[in-house]
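Chain by chain, the residues:
Number of protein chains: 2
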Amino acid sequence: MAVYTEVSDEDLQAFAAAYDFGEVVSCKGIAEGVENSNYMLQTAKGPFILTLYEKRVNPKELPFFLGLMEHLAAAGVRCPVPLKGRDGQALRTLCDKPAAIVSFLNGISPRRTTADHCAELGKALAELHQAGMSYRVKRANSLSLAGWKELYAKSADSAESIETGLRARLAEELDDLSQAWPATDALPNGVIHADLFPDNVFFRDGKCSGLIDFYFACNDFLAYDIVVCLNAWCFEADGAFNITKANRLLSSYQTVRRLTPAEKLAMPLLARGAALRFLLTRLYDWVNTPAGALVKPKDPREYLHKLNFHRRVTDIGAYGLS
Amino acid sequence: MAVYTEVSDEDLQAFAAAYDFGEVVSCKGIAEGVENSNYMLQTAKGPFILTLYEKRVNPKELPFFLGLMEHLAAAGVRCPVPLKGRDGQALRTLCDKPAAIVSFLNGISPRRTTADHCAELGKALAELHQAGMSYRVKRANSLSLAGWKELYAKSADSAESIETGLRARLAEELDDLSQAWPATDALPNGVIHADLFPDNVFFRDGKCSGLIDFYFACNDFLAYDIVVCLNAWCFEADGAFNITKANRLLSSYQTVRRLTPAEKLAMPLLARGAALRFLLTRLYDWVNTPAGALVKPKDPREYLHKLNFHRRVTDIGAYGLS
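Heads up: the sequence lines are chains A and B, in that order. Counted from 1, the first sequence has number 239 at position 239 by the working numbering; the numbering is strictly sequential. Counted from 1, the second sequence has number 234 at position 234 by the working numbering; the numbering is strictly sequential.
To be clear, the hints were calculated from the coordinates, so they are not data collected in a lab. A couple of the hints might just be wrong.
Same chains, same label: a pair holds when it works inside one copy or across any pair of copies.
[Stated by the list, open to error] Taking lysine to aspartate or glutamate and the EDC-like style, the derived pairs with C-alpha atoms no more than 20 Å apart in a straight line are:
| no. | residue 1 | residue 2 |
| --- | --- | --- |
| 1 | Lys60 | Asp199 |
| 2 | Lys207 | Glu10 |
| 3 | Lys84 | Asp116 |
| 4 | Lys264 | Asp175 |
| 5 | Lys84 | Glu302 |
| 6 | Lys298 | Glu163 |
| 7 | Lys298 | Glu23 |
| 8 | Lys123 | Asp205 |
| 9 | Lys45 | Glu236 |
| 10 | Lys84 | Asp20 |
| 11 | Lys123 | Glu6 |
| 12 | Lys60 | Glu302 |
| 13 | Lys207 | Asp11 |
Predicted model only: the values in this text are computed from it and were never measured.
Bound conformation, chain A alone (with noise of 0.2 Å):
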């Protein structure tokens, strides 16, 4: 949960002027997104969500965001779609920030996710990379290899407060996936969303009714955005792997995209590269994060025992896929 810039009640109205849906009646922060501040707005119009983007987010990125967003829409994913002003802009200023609409999805995060969300989920990941296949703009993924080595260099010397031997531990993770990481040709490449946890996916009546939250999206392997997956949806609270989940979520993924032979040989691998990044993030947070701080950091060692299961797995088979 995130609101770190508080919006005059005169700036906000000044803002809204340059759109079309009347008087803003209400504007409530909510707790969505721990990178940007975000607001619920209501309007004449119905609700909205207005986001001002903080430090995290590099601002010549996010034509890059908001356009994606508004192709996925065009293309059928259920997905916020950035509101244009009058003057046809959807990316402009609020309170020195980048600020945005988007319109406001429908649905509600699940806290326990179950198998029959993960079937749902795997559908709607395979259909956001089909719709993505033609969004010609590209980003390249800032979190894979040479970004876990910067996380590696600033967060090392604290990863053994957390956990005895995780700075080896890390090292040679590091070094492991260094030498394996698959070439960019060498599986099927496209935009993935590349933080697709619980929080950003949305439900009604069992039914995936929404993705949010596309400020990590890039370009890079398809299949390393299903591990990702696999790693936030498909392990128990008590870091049990759930087979039946991962089976669901795989098999509901190859209804809309089949699988490739490389993909599925890569998959052990690339989760272990998914679960590394999540481990590096979480610790350098961990570390960063000043005690007061608004958001509470999670804990990296979630994601150590992730990596150190996908580290077993010798094939698919373990995922629930044969």
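On the provided structure of chain A, position chain B as indicated by the hints.
Below, chain B without anything else, positioned relative to chain A:
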């Protein structure tokens, strides 16, 4: 801002089934209120606010608060109205906590208060006091003299760490106020809001559109409620008292209810009490809020400054009234 309790979608839908608004299509934790968890619900019948009462609210007192909002709304005060389920109950349980759904109020809280806001506030406050006269349920103010003494006993040791001499200053002030505080029947009494900070007052097009957060409401001197507002609305960010704002607040209040000579005479003393009340609760929170808590405690010294200001006031002319 506060969202303490995470409500699962299953729990939410089961809870919502007791009401007549159909499916809950969205539920967002909102940054409103410091004491409770608040969610904005979108339903087929429009938006509502769901509140889970956290530990600072005594469950036994909830019928007073909910009944008061219902009473005030029926008397024309724009405030949240508790929604009753099909069983006629407004107060029920969610995630093992007392919970209620109230109507949604349009409007936006001012970040920067103006003299016009203060005039609107004065009128709304007087109307609240008038409407409260016929509410028959009673609740003593737990944050008056006796409550201040308890807070002092718990926080005095830490006061010195905030400002040298603060401990003795608080003791002296408590002593003075204990001696001089008016007897219950010495001044007009009634239901007061007791926490009418700008966060709790909504405006639309410059007009007051609603009052929220009645969870400190109680029976006390009506004039005490006014000086809580003087403290919260009429000091500038640099600490200067804005006599124009105070004049507009008090004059506008008096268009609805005239202040008695005794109230005018008591006001500087009451204002010291109101300043001490927030100084003590902020001091307590400052000392007792764990590092990493979701709510940042507010600096108690702001209220020490206000206390000192009122100590120097000799008559109500300092507040812009003759």
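If you check each hint against the structure, which ones fail? Numbers 1, 3, 4, 5, 7, 9, 11, 12 - these are the hints that the structure violates, sorted from lowest upward.
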